[in-house]
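Colleague: Residues per chain, in single letters:
2 protein chains.
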Amino acid sequence: MSDEITPTGAEVKWEGKIIRAGTEHFRYDDGTEASRDKVWHPGAVGILALDDEHVWLTRQPREVVGTLFSLEIPAGKLDVLGEPPLETAKRELAEEIGKAAEHWEELLAFYTSPGISDERLRLYLATGLSDVPSGAPEEEDERIEILPWPLGRLDEAIEQCDDAKSLIALLWLTARTGR
Amino acid sequence: MSDEITPTGAEVKWEGKIIRAGTEHFRYDDGTEASRDKVWHPGAVGILALDDEHVWLTRQPREVVGTLFSLEIPAGKLDVLGEPPLETAKRELAEEIGKAAEHWEELLAFYTSPGISDERLRLYLATGLSDVPSGAPEEEDERIEILPWPLGRLDEAIEQCDDAKSLIALLWLTARTGR
Chain A
797 MSDEITPTGA EVKWEGKIIR AGTEHFRYDD GTEASRDKVW HPGAVGILAL
847 DDEHVWLTRQ PREVVGTLFS LEIPAGKLDV LGEPPLETAK RELAEEIGKA
897 AEHWEELLAF YTSPGISDER LRLYLATGLS DVPSGAPEEE DERIEILPWP
947 LGRLDEAIEQ CDDAKSLIAL LWLTARTGR
Chain B
797 MSDEITPTGA EVKWEGKIIR AGTEHFRYDD GTEASRDKVW HPGAVGILAL
847 DDEHVWLTRQ PREVVGTLFS LEIPAGKLDV LGEPPLETAK RELAEEIGKA
897 AEHWEELLAF YTSPGISDER LRLYLATGLS DVPSGAPEEE DERIEILPWP
947 LGRLDEAIEQ CDDAKSLIAL LWLTARTGR
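In the order they appear, the protein sequences are chains A and B. Heads up: the first sequence is residues 797 to 975, going by my numbering. Heads up: the second sequence is residues 797 to 975, going by my numbering.
Quick caveat, the hints were computed from the structure, so don't treat them as lab data. All values derive from a computational prediction rather than experimental measurement. Don't be surprised by glycine CBs; every beta carbon is placed ideally from N, CA and C. It cannot be assumed that every hint is accurate.
Restraint-style ranges between C-beta atoms, simulated for each label pair [stated by the list, open to error]:
| hint | chain 1 | residue 1 | chain 2 | residue 2 | range |
| --- | --- | --- | --- | --- | --- |
| 1 | B | L947 | A | G862 | 14 to 24 Å |
| 2 | A | G827 | B | D825 | 24 to 34 Å |
| 3 | B | I942 | A | T923 | 36 to 46 Å |
| 4 | A | D825 | B | G827 | 31 to 41 Å |
| 5 | A | A830 | B | L943 | 21 to 31 Å |
Only pairs whose alpha carbons sit at most 25 Å apart, straight line, appear in this in silico SDA-like list of lysine to any residue [said to hold, decoys possible]:
| hint | chain 1 | residue 1 | chain 2 | residue 2 |
| --- | --- | --- | --- | --- |
| 6 | A | K813 | B | E883 |
| 7 | B | K809 | A | A806 |
| 8 | A | K809 | B | G812 |
| 9 | A | K873 | B | S831 |
| 10 | B | K813 | B | E883 |
| 11 | B | K813 | A | I940 |
| 12 | B | K873 | B | G948 |
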């Protein structure tokens with residue numbers, strides 16, 4: 797097995813509002829070459845927001861998979877140039893569920909689909925929650941429903957959830973608490 | 797909040813070897829409309845393959861995220877037209893780690909990145925493992941390393957893993973076994 801992989805070029809074939817898509821080329825250090833479909837993504841954050849009794853979830857539309865009520869943790873894309881991921885997480889927690897958190901900890905970071913996309917998501921644990929004054933909701937936020945989900949019913953949340961980042965957060969919590 | 801969402805059209809702007817990318821348009825039942833970047837993906841399977849002492853993992857190149865040694869469960873795309881997902885899972889388990897399984901159970905299904913992609917992955921539990929005769933390895937399989945990972949060291953696998961589907965499988969296993 798070779799030990800290195802060198803990108804040798806890429807063709808971006810389409811640029812959307814958030815992502816770009818095209819082909820990237822590589823050379824292994826044994827001389828063989830490969831080409832891969834690739835989606836370039838700015839990256840994202842997700843927040844496991846806990847108080848003593850609840851994990852804070854949302855239901856929101858995910859148009860491209862045909863559902864209006866995807867059960868998810870609060871999350872957002874790294875779509876503000878130069879904003880550190882932790883700041884994005886704090887902003888999204890306030891915008892999506894109207895909360896601030898006293899304690900923040902990065903739990904895990906992962907690629908959502910590393911065969912085809914460079915989207916990397918950082919998952920934060922947020923505790924010590926308090927309300928923040930709500931500003932004018934953004935257009936897309938009007939469709940987000942806020943759900944304080946009882947910690948004693950984590951299994952039901954996992955059953956209803958079909959979003960990878962949220963499953964990782966809920967399974968991490970289940971593994972830690974032994975519920 | 798509206799109760800329905802109707803796709804009103806789509807433009808595929810690029811077609812790769814595996815995925816397509818472009819824009820899809822929607823109308824909510826309150827009359828508002830939206831457009832979204834979209835990646836069309838054929839779907840995938842992942843396999844949590846267990847014997848009494850190990851979970852069977854792989855290390856393999858993931859060129860588009862720049863790593864040669866991504867720690868993952870066996871997995872594959874639904875890239876054979878008309879093949880049922882369970883058959884794909886059986887084929888991938890044989891091709892990637894040379895095993896067959898007596899018992900199969902679908903554990904979870906999820907979208908890897910539902911804001912931008914319709915990729916849905918079915919996760920199977922495979923037990924009662926036995927060796928299958930290895931055929932000629934496919935070109936891409938030559939770069940897959942097989943790792944029987946001790947169940948007593950699941951925490952280390954989770955630490956080293958940054959692939960969403962594999963984290964879901966390993967965290968599910970940790971939650972179930974209480975390790």
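Colleague: None of the hints should be skipped; say for each whether it holds.
Modeller: Against the structure, the hints:
1. Taking 14 to 24 Å as the suggested C-beta distance range, the pair L947/B and G862/A does not conform, at roughly 38 Å.
2. Between G827/A and D825/B the beta carbon distance is about 57 Å. The supplied range of 24 to 34 Å is therefore violated.
3. At roughly 40 Å, the beta-carbon separation of I942/B and T923/A lies within the given 36 to 46 Å, and the hint holds.
4. Remark: the range hint 31 to 41 Å for D825/A to G827/B is contradicted by a beta-carbon distance near 57 Å.
5. The beta-carbon spacing between A830/A and L943/B, approximately 22 Å, falls within the hinted interval of 21 to 31 Å.
6. Between K813/A and E883/B the CA atoms are separated by roughly 37 Å; this puts the pair beyond 25 Å, and the hint is violated.
7. Distance check on the hinted pair: K809/B and A806/A sit about 17 Å apart at the alpha-carbon level, within 25 Å; holds.
8. Taking the CA atoms of K809/A and G812/B, the gap is about 9 Å. The hint holds against a cut of 25 Å.
9. Distance restraint check for K873/A and S831/B: the Cα-Cα separation of roughly 17 Å lies within the 25 Å cut-off, and the hinted pair is therefore satisfied.
10. About 22 Å separates the Cα atoms of K813/B and E883/B, which keeps this hinted pair within 25 Å; it holds.
11. Using a Cα cut-off of 25 Å, the hinted pair K813/B and I940/A is violated, with the two alpha carbons roughly 35 Å apart.
12. Of the pairs offered as hints, the one joining K873/B and G948/B is violated, with about 30 Å between alpha carbons and a cut-off of 25 Å exceeded.
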